[in-house]
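Engineer: First to last, the sequence lines map onto chains A and B. Residues 1 to 448 in full-length UniProt numbering are what the first sequence lists, from first letter to last. Residues 1 to 152 in full-length UniProt numbering are what the second sequence lists, from first letter to last.
Everything labelled a hint here was simulated from the structure, so no lab data went into it. Watch out, some of these pointers could steer you wrong.
Now the in silico label distances, taken between C-beta atoms and shown as ranges [said to hold, decoys possible]: (1) R29(A) <-> I108(B): 30 to 38 Å; (2) R137(A) <-> D90(B): 36 to 44 Å; (3) G306(A) <-> D105(B): 35 to 43 Å; (4) Q97(B) <-> E271(A): 51 to 59 Å; (5) I108(B) <-> D367(A): 53 to 61 Å.
Backbone N, C-alpha and C define an ideal beta-carbon position, used for all residues, glycine too.
Single-letter residue listing:
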Amino acid sequence: MTAVHAPVTGLLDVERVAADFPILSRTVRGGNRLVYLDSGATSQKPSAVLDAERGFYTQHNAAVHRGAHLLAEEATDAYEAAREKIAALLGATARELVFTKNATEAINLVAYSFSNATAKAQFGRPLPAGAERFVLRPGDEIVVTEMEHHANLLPWQEVCDKTGAVLRWIGVDDSGRLDLDHPAHGLKAVLGERTRVVALTHQSNVMGTITPVRVVADAAHAVGALVVVDACQSVPHMPVDVSLLGADFLAFSGHKMLGPSGIGVLWGRYEILESMPPFLSGGSMIETVRMEGSTFAPPPQRFEAGVPMAAQAIGLGAAVDYLQSLESGDGSARGLAAVAAHEHALTGYALEALSEIPGVRVVGPTDNRERGSAVSFVVEGVHAHDVGQVLDDRGVEVRVGHHCAWPLHRRFGIAATTRATFYVYNGTRDIDDLASAVRAAQVFFRVA
Amino acid sequence: MELQSLYQEIILDHYKHPQGRGLRDPFAAEVHHVNPTCGDELTVRVTLEGDVVMDISYDGQGCSISQASASVLHEQLVGGTIAAGLSITDAFLALMQGRGTVEPDEEILGDAVAFAGVAKYPARVKCALLAWMAWKDAVSQAVERHTPEVTP
């Protein structure tokens, strides 16, 4: 416990950042300091985001893209400005960005494009030009990976059940990386001429593994498949430029990146979005409507039926501003690059701290390379639920269970893990508290 | 430190030394229940003779609360009547769902009274109930199967 740690560099000024988050000043379970290590599930919100949402409701609230009165104009402008801001963060254009209620809905939007196009084609009903790439035939293949969050697995299982397509997957090796060269579950083995979609995570929500999206995307494109990337754990934590990533679609949630709940984002290459049939239908996604049938607006409006979540979009815009304003304590980086450097330093510190505890095993990469800040582990002889309970008793809030990645846990032969995830308001003190709470759990359950 | 009220000594004892663990033959019904939020699993078999519960055998994996609860269930219910088992189950259910407001009756619950503290932790109530819901399901299947069909 008295090991000398290497100096930790690249951190944000955590005390200053934490002061921007009102919730972090409350106490939990008998006066303990709140040590929030569950940002991978949802992040806390800075005052700037809360103020932006409240400011919208108190000053500009109206239904966007409807009406011609002043408030409607202001609300629409604010909503569209948020879209532009978020698009700029990704190196994309605003018209490529669809607001959804969360990342799950964003992925479902793409998945339903396949099953909807397939169903319409079957009856010879109208489809946008280029929609053939969304029409599946029995025996077509959809490829995912074994480390997917259920949100990027179940929608594809559903598409398979509705179209007769077959689900295949890239395996995970013992170190928690994609096993791209595996003879049975590697890239070459799994991808083929029937592959129509490859859907993969950019960063594992359990192990923190950053996947080589570019490599997979290039291989997918070589066989004519579309590439869908679950970026829930990457966009909030590191610079992501869609022009370099190689993906055709990218999905993420606002609430995991300091934004409000109820807002997610789907980015798609414009010509592909244009070729997709609608997902949800109704108001504001239309071009003309007649009793005999209707035509639809171009993207992104085609995919935003109903009055959208304007305050949440504006809140997410404020979160992007906030993230971009952050600066490393030593001034070496700004914005998402500073966030990534901060988390990289914390992850190294956490991996070292956990490795010093006998009976604790990290699941996933233990070398602090090509990995983000999700650190999941098992404590020998103590179930994750019980570990989490002792941690919670000391104010350390982590996630326990399979973290919506049940097949990945099966792959490692474990039922549940304890997961700590770090964000901009976490510092080394939080990790010290985590480590001592894990030791306390071992003592409580008499395994140490 | 409220941990001791949650993890009473009896619970930790049952967790470390589970009673009646392991699946045994023959059985009247078998069920497999899971807690989808955490992945805990339990297979439960019941063996009946008339209206007496001859055995409840079980196997699974999960947290101390869910596994100790299965062990206590085995200890409390085996050897009694089905009706007695179900009434203990009802009392346990009421205790667990009472958010800490239900006064447990040790006369009825026996060692299961040790789980009273769990009721204050809503996220753990499902863990405590896993075995009890499984047994209830199994026994109702067994009884249904052995009730001769009555034609009106």
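Engineer: Does each hint hold? Answer for all of them.
Structural biologist: The hints, checked one at a time:
1. R29(A) <-> I108(B): 30 to 38 Å: Taking Cβ atoms as reference, R29(A) and I108(B) lie about 31 Å apart, which means the hint holds.
2. R137(A) <-> D90(B): 36 to 44 Å: violated, 54 Å
3. G306(A) <-> D105(B): 35 to 43 Å: violated, 52 Å
4. Q97(B) <-> E271(A): 51 to 59 Å: For Q97(B) and E271(A) the Cβ distance comes to about 55 Å; the hint holds.
5. I108(B) <-> D367(A): 53 to 61 Å: holds, 56 Å
In this structure, the earlier hints numbered 2, 3 are contradicted, and the remaining ones agree with it.
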